[in-house]
Amino acid sequence: MSRCDFKIVLLGSEHVGKTSLVLRFVNCRFNSGTPYQNTIGAAFCAKRMQSNGKDFNVGIWDTAGSERYEAMTRMYYRGAHAAIICYEASSQASWTRLRHWLQELRTVEEDCKVYLCCTKKDLLDSGAAQREVDEEIVATYSQGLRGHFLTSSKTGENVDELFQKIVDDCVADMRVMKGVEEARVQLQKEDAAYRAKHKDYCFC
Amino acid sequence: MASTSKNIPSTANPENVTDDIEPGACTDSILNPTDSFEEFASEMSSSLEERNTLAAKSSTISEIQSEIGESSKETLRETKSSDNLQSKDDSISGSASSSNLTEQNGEDTECERDEYLRSPELVNKEKHVFILSSAGKPIYSRYGNEDKLAGLCGVIQALVSVVEEQNQDILRSISTKDCKAIFLVKGPLILVAVSKSNESETQLVLQLTYAFNQIVSVLTLTQLNRIFEQRRNYDLRRLLSGAERLIDHLLIFMEKDPAFLLGAVRCLPLPEKARENITNAITSTCSKIRDLVFAILIAGNQLITLVRMKKYTLHPSDIHLLFNLVRSSESFKTAESWTPICLPKFDATGFLHGHVSYISEDCQACLLLLTVQRDAFFPLSQAKHTIAEKLRRSNCLVAINDALNRNKELPTTNPLKHIGIPEIRHFMYKCKSTAQLFTSDPISLDRLQDYRLRHKEGGDITEKKIEKLSDIDYVRNYRKFCSQIHCSSTPAKLIFRSNSENTVLAWVTNGFELYVTFDALMEKDHAIRAVDRLLHWIKKEEERIFIMHAPTF
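Protein chains in written order, with the UniProt record's numbering: chain E, 1 to 204; chain Z, 1 to 553.
Some clues are possibly wrong.
[Unchecked claim] Pairs of lysine to aspartate or glutamate, DMTMM-like flavour, derived with a Cα cap of 25 Å:
| hint | chain 1 | residue 1 | chain 2 | residue 2 |
| --- | --- | --- | --- | --- |
| 1 | E | Lys154 | Z | Glu336 |
| 2 | Z | Lys390 | E | Glu190 |
| 3 | Z | Lys177 | Z | Glu67 |
| 4 | Z | Lys417 | Z | Glu336 |
| 5 | Z | Lys493 | Z | Asp473 |
| 6 | Z | Lys390 | E | Glu161 |
| 7 | Z | Lys256 | Z | Glu389 |
| 8 | E | Lys189 | Z | Glu541 |
| 9 | E | Lys47 | Z | Asp441 |
Don't read these hints as lab results, they were simulated from the structure.
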């Protein structure tokens, strides 16, 4: 039972910057002072977003990139409305892992909307990192997907755009919205039942 | 000028202080008070054969799952298999590339390798810890780069296996003039500590056991064994990536925090009423969540409260691993986490699933809700918010913050001043029946922070004259007293040692262990009278400094 309307999951190898992306989006900050720390298990964040004039609660699962948690990760993308698969343009290995996740999602969660996200744009722009992943290959891969974003969690570039696109796509999807409505009605019923049960305590 | 007496001399018997029951004792304990020293004894007496089959005991987790009875047998099996972090095929195919890597390193000329062993990264360290697979592959080195230590690991592996195969014996330790090397073989791993510190062999073995348990905690024993059964040559670093940090921090904690030395848990001193309110907030919120095994609130390596499923207790060493996990992971501060956690003493074969989050931005207490149900995140998330709200309304957050910030008005902030015995410089007290600990100078949070920053380049042996002893120096001094008291062949009951630097009294009874440092050249009976008053004070404050109840859901 979740009070979130949409479930988004972040996937990708370790150290590509999934946590930084989420923190930039949810808290609007990037802390270049804190050293890298791997995520343990998975972290959950929620944020209110608007689309089409309506409010939605978006739940984001930031998964650990370490291989150790790989089999665990399946339980986070189960039932996800959208997945952001992250890679680093300067790391061929992270791109190879991305293809693995892509395949996995195709077979396990067919309905999940998939977005590619190339992180650390600021490093590419400043020349601090060299592109290793061929842009043409990326373009070929992203054709069948919902979009490809080049983001920087440090500057915030394209981060909001990425999440806004996801929510807009979800809202435009009739089937997803039907599920969201049903879940909301269900939640209201449960809330009403809960209040009825605890009436004595509230009004005494 | 040391005197050791196995029986407390009648003149020096402060029996009258403990009228009925030792301070801090209660009938029902939240912690499993098994001494780690007892385990050490069994570890040491184990035969070669026993050791090589590190069989896991029956699974507590599946016991709980079947008791809850919701999951039919089939789903139970499914849960088990999907909880295995690594599938069979992956573990085999994946390791090929990394094993090449090590082989390349193996081609280094002998001379280069020798040179690395003399590099400043490695020489002059007080204590090294190496972990390798029984095939001799490096897994972890406290200092330096373990990749470059393949040669050393080969030597270690050879030493262990020669003793094992040729002499049918177990290599325990090698001593040189100023250094001991302690070996511990656990299942598929070999752990080695090379130390110039004053820690005893027992203490070092315990530390290695902790390091092993830390690895089990992220992988489970089942998985660890299976990986090496499938491929003896596996490079475990692939699966441990990111967890080296946990071992790093654990090794630092073990050197600084007496909780490890005594196998006890430190509690955050709180007014009895506040602790009761906190416990009630948790029990009232969580009583209906059926699969919840433990709800644990901690702050700064101290326990605030622990609510548990009936019948199950936690071992202090499992709590220490949780402390270490929370202290070492900044990511818990920014979001709610949902993570698999294996508690080796509780059940080494499987994972519990933990909802881990800080209570609020303005209160650095961390709540862990541990369950056997792996899709319970949202109910637990909801429970956490309810608990946080209740704590805020009942002013408990303020009480926690006061204790954490060491508010000057609290008697427990500076106990020595409050007790008013100026001759006492430092003390630590462990209540044995509840495995809880209290020290006169709780290691403060920011100082623990320091160790973290210092660690990577730190660890060197320095010969500097210490002007004023810190609590850590006192704890260092207690080490040898502690090992005399826990010596399995000739344990001491009471040790009194007085010299021109200080006077130390170490005393163990059935109920407690007490270590006190006094001013230099104290008289024995004077010291005994001071200890008397000290115990009275601890007794008076016991409700505040210890957790005296063992609540269940």
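Consistency of the hints with the structure:
no.	hint	verdict
1	E:Lys154 <-> Z:Glu336	holds, 22 Å
2	Z:Lys390 <-> E:Glu190	holds, 22 Å
3	Z:Lys177 <-> Z:Glu67	violated, 56 Å
4	Z:Lys417 <-> Z:Glu336	violated, 40 Å
5	Z:Lys493 <-> Z:Asp473	holds, 23 Å
6	Z:Lys390 <-> E:Glu161	violated, 38 Å
7	Z:Lys256 <-> Z:Glu389	violated, 35 Å
8	E:Lys189 <-> Z:Glu541	violated, 50 Å
9	E:Lys47 <-> Z:Asp441	violated, 42 Å
Hint violations for this structure: numbers 3, 4, 6, 7, 8, 9, all remaining hints satisfied.
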